[in-house]
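Please take these sequences and the hints and turn them into a complete structure.
Residue numbers (this note's numbering), protein chains in the order written: chain P, 5 to 877; chain Z, 5 to 877.
If you're looking for bench data, these hints aren't it; they were derived computationally from the structure. You may find that some hints are simply not true.
Covered stretches of chain Z (chain P as the covering partner; in silico rule of three or more C-beta atoms under 8 Å from a C-beta of chain P) [claimed, not checked]:
| no. | region |
| --- | --- |
| 1 | 655-662 |
| 2 | 670-682 |
| 3 | 708-719 |
| 4 | 776-783 |
| 5 | 794-805 |
DSSO-like, lysine-lysine: derived pairs with alpha carbons at most 27 Å apart [said to hold, decoys possible]:
| no. | chain 1 | residue 1 | chain 2 | residue 2 |
| --- | --- | --- | --- | --- |
| 6 | Z | Lys317 | P | Lys795 |
| 7 | Z | Lys722 | P | Lys654 |
| 8 | Z | Lys317 | Z | Lys358 |
| 9 | Z | Lys397 | Z | Lys170 |
| 10 | Z | Lys654 | P | Lys787 |
| 11 | P | Lys192 | P | Lys153 |
| 12 | Z | Lys787 | P | Lys653 |
| 13 | Z | Lys795 | P | Lys722 |
| 14 | P | Lys654 | Z | Lys795 |
| 15 | P | Lys228 | P | Lys52 |
| 16 | P | Lys397 | P | Lys170 |
| 17 | Z | Lys653 | P | Lys426 |
| 18 | Z | Lys317 | Z | Lys35 |
| 19 | P | Lys228 | Z | Lys35 |
| 20 | Z | Lys787 | P | Lys650 |
| 21 | Z | Lys170 | P | Lys591 |
| 22 | Z | Lys654 | P | Lys795 |
Residues from chain Z shown here face chain P by an in silico Cβ test under 8 Å; the list is partial [said to hold, decoys possible]:
| no. | residue |
| --- | --- |
| 23 | Ile637 |
| 24 | Leu665 |
| 25 | His667 |
| 26 | Pro750 |
| 27 | Arg751 |
| 28 | Leu754 |
| 29 | Ile789 |
| 30 | Gln808 |
| 31 | Thr809 |
| 32 | Gly810 |
Even glycine gets a Cβ: it sits at the ideal position worked out from N, Cα and C.
Number of protein chains: 2
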Amino acid sequence: MSQFVYSFSEGNKEMKNLLGGKGANLAEMTKIGLPVPQGFTVTTEACKRYYQENGEIGPDIRKEIFSKVAELEENTGKKFGDKKNPLLVSVRSGAVFSMPGMMDTILNLGLNEETMEGLAALTENPRFACDSYRRFIQMFSDVVLEIPKAKFDAIFEGKKEEKGVKYDLGLEAEDLLDIIGKYKALVKAELGREFPRDPAEQLMEAVKAVFRSWNNERAILYRKLNNIPSDLGTAVNVQSMVFGNMGDSSGTGVAFTRSPVNGENRIFGEFLVNAQGEDVVAGIRTPQPIAEMEEAFPEVYAEFARIAGILEKHYKDMQDMEFTVERNKLYMLQTRSGKRTAAAAMKIAVDLRKEGIIDKETAVLRQEAGQLDQLLHPTFNQKKLAAARKLAKGLPASPGAATGAIYFTAEEAVAAAEQGIKAILVRQETSPEDLAGMVVAEGILTARGGMTSHAAVVARGMGKCCVAGCASIQVDEENKVMTIGKRQFHQGDFLSLDGTEGVVYQGHVATIEPELSGDFQTLMSWVDEIRTLRIRTNADNPRDAAQAIRFGAEGIGLCRTEHMFFEEERIPAVRRMILADTVEERKEALDLLMPYQKGDFKGIFEVMGERPVTIRLLDPPLHEFLPHTEEEIQELSRQIGVPAEKLSKKVAELHEFNPMLGHRGCRLCITYPEIAVMQAEAIITAAIEVNKSMGLKIVPEIMIPLVGFKAEFDYVKKLVVDTVEAVIAREKADIKYLVGTMIEVPRGALTAGEIAESAEFFSFGTNDLTQMTMGFSRDDTGKIIREYKEKGLLEGDPFQSIDQTGVGQLMEMACKAGRSTRPDLHLGICGEHGGDPASIEFCHRTGLDYVSCSPFRVPIARLAAAQAAIKNR
Amino acid sequence: MSQFVYSFSEGNKEMKNLLGGKGANLAEMTKIGLPVPQGFTVTTEACKRYYQENGEIGPDIRKEIFSKVAELEENTGKKFGDKKNPLLVSVRSGAVFSMPGMMDTILNLGLNEETMEGLAALTENPRFACDSYRRFIQMFSDVVLEIPKAKFDAIFEGKKEEKGVKYDLGLEAEDLLDIIGKYKALVKAELGREFPRDPAEQLMEAVKAVFRSWNNERAILYRKLNNIPSDLGTAVNVQSMVFGNMGDSSGTGVAFTRSPVNGENRIFGEFLVNAQGEDVVAGIRTPQPIAEMEEAFPEVYAEFARIAGILEKHYKDMQDMEFTVERNKLYMLQTRSGKRTAAAAMKIAVDLRKEGIIDKETAVLRQEAGQLDQLLHPTFNQKKLAAARKLAKGLPASPGAATGAIYFTAEEAVAAAEQGIKAILVRQETSPEDLAGMVVAEGILTARGGMTSHAAVVARGMGKCCVAGCASIQVDEENKVMTIGKRQFHQGDFLSLDGTEGVVYQGHVATIEPELSGDFQTLMSWVDEIRTLRIRTNADNPRDAAQAIRFGAEGIGLCRTEHMFFEEERIPAVRRMILADTVEERKEALDLLMPYQKGDFKGIFEVMGERPVTIRLLDPPLHEFLPHTEEEIQELSRQIGVPAEKLSKKVAELHEFNPMLGHRGCRLCITYPEIAVMQAEAIITAAIEVNKSMGLKIVPEIMIPLVGFKAEFDYVKKLVVDTVEAVIAREKADIKYLVGTMIEVPRGALTAGEIAESAEFFSFGTNDLTQMTMGFSRDDTGKIIREYKEKGLLEGDPFQSIDQTGVGQLMEMACKAGRSTRPDLHLGICGEHGGDPASIEFCHRTGLDYVSCSPFRVPIARLAAAQAAIKNR
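Have a look at this one:
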């Protein structure tokens, strides 16, 4: 029979799946001799059994739990329910993946009237005992009995008012006893039964409540946001209590071995004297910096620093620790790898490597690719910032700059974001209920809470700018007003946040591109040594191309030509081309565009040098270039002297019911071969001219979009090749070029073997391939995808990360078939998935040669490619 | 070295690929001793060489040709260019597949001034010799030299006018000589060189012209329409001339061994005294029925009847023969299997089987499945017809009834059809240039031409109603007026045609469903013995279901439920459902719909009995049920008392950029589970009630549309199963049911193995599957597909016949994966391809259990399924 309950002394850090992260680390700390209050872990398997058995804990597991309780009683000399020396425990969840703030915790379990008396006698501190029992009833009622917390708060605050005290500490033991009596009456009124007195019953109910909380809404949402499987279950840690709230020689704290903000190698954290741990984490009281602990408790701090050093070396990573000091004795309550900003992750990974603690590969794996984005985020334009009005200062909880309109609830922030409004979420303090709003917000501002408050931890994880604990603001969530001094700010007013400095500015402040640190360059040099995938960028102009090169792009995977068509001085010619009645008229209009296009391509070639550049022929349906409203048509008619009726007729003629599946891509070049001819001529002429002027050997890659079958590709390829060869002959140039295709229509992927007979390269257009393979119009199905994710039908957004089972299957088929026809077929991806780490790993495994993404995501792609190479070695 | 030229005596009917159809049959007739003028065939391989060598005939082939000419000279005793006894030949194309009217023919080749004299002396008929030369120049100039025929006609008609004669025969030899002189002058003026005199040069130019004509526009169009590969090439038949125009003891004719109109077993054909073959085929002169030949040439006719009998038994099929009588001697010029109407094909196949000439399988294969359609076409409502005004009578060239607006050119008929107008094409006579118009027309009416004229032959092949040779109408194509007596009819006026009787009626005459003959039942009984595919129908109401059963449907493969939503008394409830603000309001509206839906399903179950019925849950996007114009919205607002702004807002909210890929199919049921619940309840309740009242064991099949992945299917399946089980429990019913899915999203096909874990059947929705796999919006890409076909990029319309390479590949994958998960998975197709013979054969090969098609196409599907079974044995 398998074991469902483990003492901390029986486990180790490798047993995370069974004991959860917290349990495994408590066991590990116990194992390496650190001061951990004793206890045991009820496993994730027990949680699964609980769900299998419809919310019951079977007698076998119950028996195991109480045999561990007995062990604990023996080791501590305390006893459950003992009036003289009662055993009190904390009950905490501990899932396999850290889920901060998601799961519920109960402290001081084991208290009732008798044990409270015992605790009072033992500690010679009746007020402490009363307060502990009061806290226990409140927590247990909230978490286990599910009675609204506000009702308890009302009793508590009422008492304070009655007594005319401002702080909790103003209440005496008798006041607390009175409160306890009222709490119990409340429980009875709510549930029709007494608050449970028996510690054994308290324990079993608490364990069940933790199991239950695995499936509470916040937990489900967090798992969805973080792609954590829903069937892992949580473990439960039962640990004998130590008290940080036993007076001024006690306290509790949270600390990191290095700074999670910038990675600096010194202990970083917060400490609260005479408090229990929840006070720190929940951000209810604003704690002191850890440096003050060093002054107040020099010996305890020295011991803590020593343990921190041991833990970091042992885990070979920066640790996030919780601890309690009970009457000058230090206890470790938790350690885990600490969440950190991208900048901190970078510095810590590079430093740990330099310190010889980890190797290059580990350093590279440590930097979460998605998080790297933060380093590339804009900061404020310093000149503009100098002119900006500083409104308030809070804690620099998560770095970066954000500007937007303020909203006071998650729902309103979501609604604003859906309308394309950049939102700043302003809250008294955030809670897991605010997650959806935090996801869409540009930045987060809270009035309360510290650097490890919910808002701060979550914002850092998201790489989102956050100013927390900004005490000088008053937030009236109900009336949607924020007050700073005498100034009032209403919903929709603009603010700017500097998360790196913790400053709030009035109005909109312009931002600028980030600069990249030396550590960044060091880590990226390791990344480039390791990765095998090439990284290209999607860029349509020399500016973006140059930016991408600075970020390490090795070529252009997708140069769209339609953006060039939209520029102001060209659009009249584009429209003339579309409105042409004859091939001759169309050619005339295209002749006007030709020099512009050539110029565009020259500019790009000049920046890119001999790096490969893939240029896609015109792709969008032509109606996109025409106006649509009656007024715009009248206006255009006046501008270009074409009768409005003719314009309207053309617009109507070009209207399509499903333009996504309409007259676009290579279909345009088949109807209007002149377009392909003009573009091919512009591309090859530009390359020849730049080769000549710069002494290069550029090999342009001409890409034909939306190909569904070989005959289509061949038709357009012939137009391109005939044109290009004529130019080469005319110019007597010595130049190579490639003609390839997008694979973005499912049929193209299905017949890739045939298409590869003619196509010299493939580039997967995974945006369209996803639309057609899944039958999801990207413009229309945002809501559906959101609904599917909420209902658990989809794990992630297939437009963000490749649907590997469906779309990926087509890609694999196409790669295999294409390469079997043409072994040296060059394969890439130019959909927006090219910048998504999971998709990049998929592309690596599938054997693509390169991924192409927006300039901004090039570093992420490089890192993700290296991580994919390491993971798939 | 391979042989490029074969004497008729060297070949046989199996050599069709090399000698073409005509050449192989001329060889076969020679082989079995029938009277065939001697000659030889230049092979299709020579044609391919001609194209490979850029339009040149190499010296080796030329040498072979002239060695065969020498052989011919020896056998006939005549000589090319001999003034006394000149050898004259016909040169005709002969492709592998019969292409009537598509290729060009030259008669009397070998004539020049000298041989004309010789011919005159030899036949003692100078007028005949002159006329032969005149015809030769005219034909050769048209076909080989490509000088417009009209210019020659003008000279000829001018002469007739000058001489004041009405008929060609009114011209004397001298007149013809004068014409010949003018013809030659015309050739010289047009080409700057003399008309070729040397018979060898004439022959080589003629052979090349035939090769060239393989790629003339008419031939290309015909091949495209009939899916004939373009690389087969044509053979050329060179045959010594016999003359049907040697006076009244001569003649020429075309005949069938049985009637190609109704299959009656007696010789059917036409004959023209003193004429050359082209006169009959081109419909220039209206010939006499063959019965008159029996009176005029009893012995020759008896001989011809004997030969016809031999040929039919030899080829085991009805033959279409061309013959010439030269001075009472019969010559066979061609035999081939005759084209026939569906009714004739049916009767001939059944009769030949009864006569013991062919077996059942051959009889089944003889009936072209696509053509069967004709038998199912409507005929006129006899009552309405009795009241209709008869305008004119022509030849009953192709049976059936048609009614529509008249158009005088192919272009206008095409334009009208594109606007959804039913068109009748009215022409003086049709030519291959009119094909596109004939394809779209409901019926064809010509003023000239016989039962074997171009219009008649092509119309019968298409199963299209045609009245030909309607001499009492005058057609002024230029002014778009048709005159009958004193009445004028203009473009757009309505006419009705009875192709079975050859009658033209004024205005619109209502039509009725066809009745099916005993032969039809006989043949279909053989079909049902042979086929293994089941045939279901797509039907949404009892009337269609009953019609389909009469046509032999074995179940319903697709019952769409949305059509039921559109009915007048229900649409208000549907709209209330869509406009509901709360689930409760939505349920209320659905409660109103529920009894209607239940009634619909009961009606269908009552008709279908225990035959399987697959009902699809609501599929189309909801905006389809709302009005869209401002006026309609105002109107609806008044009707249902909902503010117009609210309506407009909802319409805007439901608007999608690509509705094809939007909120529809199972996605609707995921957002609005109440819809699935209502429909499931209606289906199962209806089945239970009909089972009870009729004592049946109906097993309804509930189909979930647009499934892309298993989680979607499972979500909706659970709604359905929970509802159905609740009804079953409530009603204490003993009933089975199936829940399955459409496979119509590419991802659904790609993950069919997973989906089959939950789905009990698959039905391929090949309309949508084609749209998404190929990226072709059916509503938008009609033009693109037409253009692709014209440019040779697509062989056929993928919405008519399954794209087997792409879409078919997905189907095969899905069948394989689905069956490997669930070996008894039931597989069908319900896209419109289910009625297309080629697609049905594909479905048979792919292992589907059934195809489902519109009621009207059920017999075609049955026949195609049997043919597929025979071909794939």
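Evaluation of the provided hints:
1. 655-662: Answer holds; 3 residues pass the 8 Å Cβ test.
2. 670-682: This one holds; 3 residues, not fewer than the three required, reach chain P with a Cβ under 8 Å.
3. 708-719: The restraint on the region 708-719 of chain Z holds, since 6 of its residues have a Cβ under 8 Å from chain P and three suffice.
4. 776-783: Coverage by chain P holds for the region 776-783 of chain Z (7 residues, Cβ < 8 Å).
5. 794-805: holds (count 4)
6. Z:Lys317 with P:Lys795: violated (71 Å)
7. Z:Lys722 with P:Lys654: Given pair Lys722 (chain Z), Lys654 (chain P) is violated - Cα atoms ~49 Å apart, limit 27 Å.
8. Z:Lys317 with Z:Lys358: holds (14 Å)
9. Z:Lys397 with Z:Lys170: Status holds; Cα separation ~25 Å.
10. Z:Lys654 with P:Lys787: holds (15 Å)
11. P:Lys192 with P:Lys153: Holds - the C-alpha atoms of Lys153 (chain P) and Lys192 (chain P) are around 15 Å apart, at most 27 Å.
12. Z:Lys787 with P:Lys653: Satisfied, since the Cα-Cα distance of roughly 17 Å is no more than 27 Å.
13. Z:Lys795 with P:Lys722: holds (13 Å)
14. P:Lys654 with Z:Lys795: Answer holds: Lys654 (chain P) to Lys795 (chain Z) is near 24 Å, not above 27 Å.
15. P:Lys228 with P:Lys52: holds (19 Å)
16. P:Lys397 with P:Lys170: holds (25 Å)
17. Z:Lys653 with P:Lys426: Distance ~24 Å between Lys653 (chain Z) and Lys426 (chain P) Cα, so the pair holds.
18. Z:Lys317 with Z:Lys35: Holds. Lys317 (chain Z) to Lys35 (chain Z) sits at ~15 Å (cutoff 27 Å).
19. P:Lys228 with Z:Lys35: Distance ~81 Å between Lys228 (chain P) and Lys35 (chain Z) Cα, so the pair is violated.
20. Z:Lys787 with P:Lys650: Judged against 27 Å, a Cα distance of about 20 Å means the pair holds.
21. Z:Lys170 with P:Lys591: violated (54 Å)
22. Z:Lys654 with P:Lys795: Measuring from Cα to Cα gives roughly 24 Å; hence the hint holds.
23. Ile637: violated (19 Å)
24. Leu665: Since the shortest Cβ distance to chain P is 4 Å, the answer is holds.
25. His667: Holds - the Cβ of His667 (chain Z) comes within 8 Å of chain P, reaching about 6 Å at its closest.
26. Pro750: Holds, because the Cβ-Cβ distance from Pro750 (chain Z) to chain P comes to roughly 5 Å (cut-off 8 Å).
27. Arg751: holds (4 Å)
28. Leu754: Result: holds, 5 Å to nearest chain P Cβ.
29. Ile789: At 10 Å from the nearest chain P Cβ, Ile789 (chain Z) fails the 8 Å test, so the hint is violated.
30. Gln808: This interface hint is violated because 11 Å lies over the 8 Å limit.
31. Thr809: Because about 6 Å separates Thr809 (chain Z) from the closest Cβ in chain P, which is inside the 8 Å limit, the hint holds.
32. Gly810: Status holds, d = 4 Å.
Violation of the numbered hints given earlier is confined to hints 6, 7, 19, 21, 23, 29, 30; the remaining hints are satisfied by the structure.
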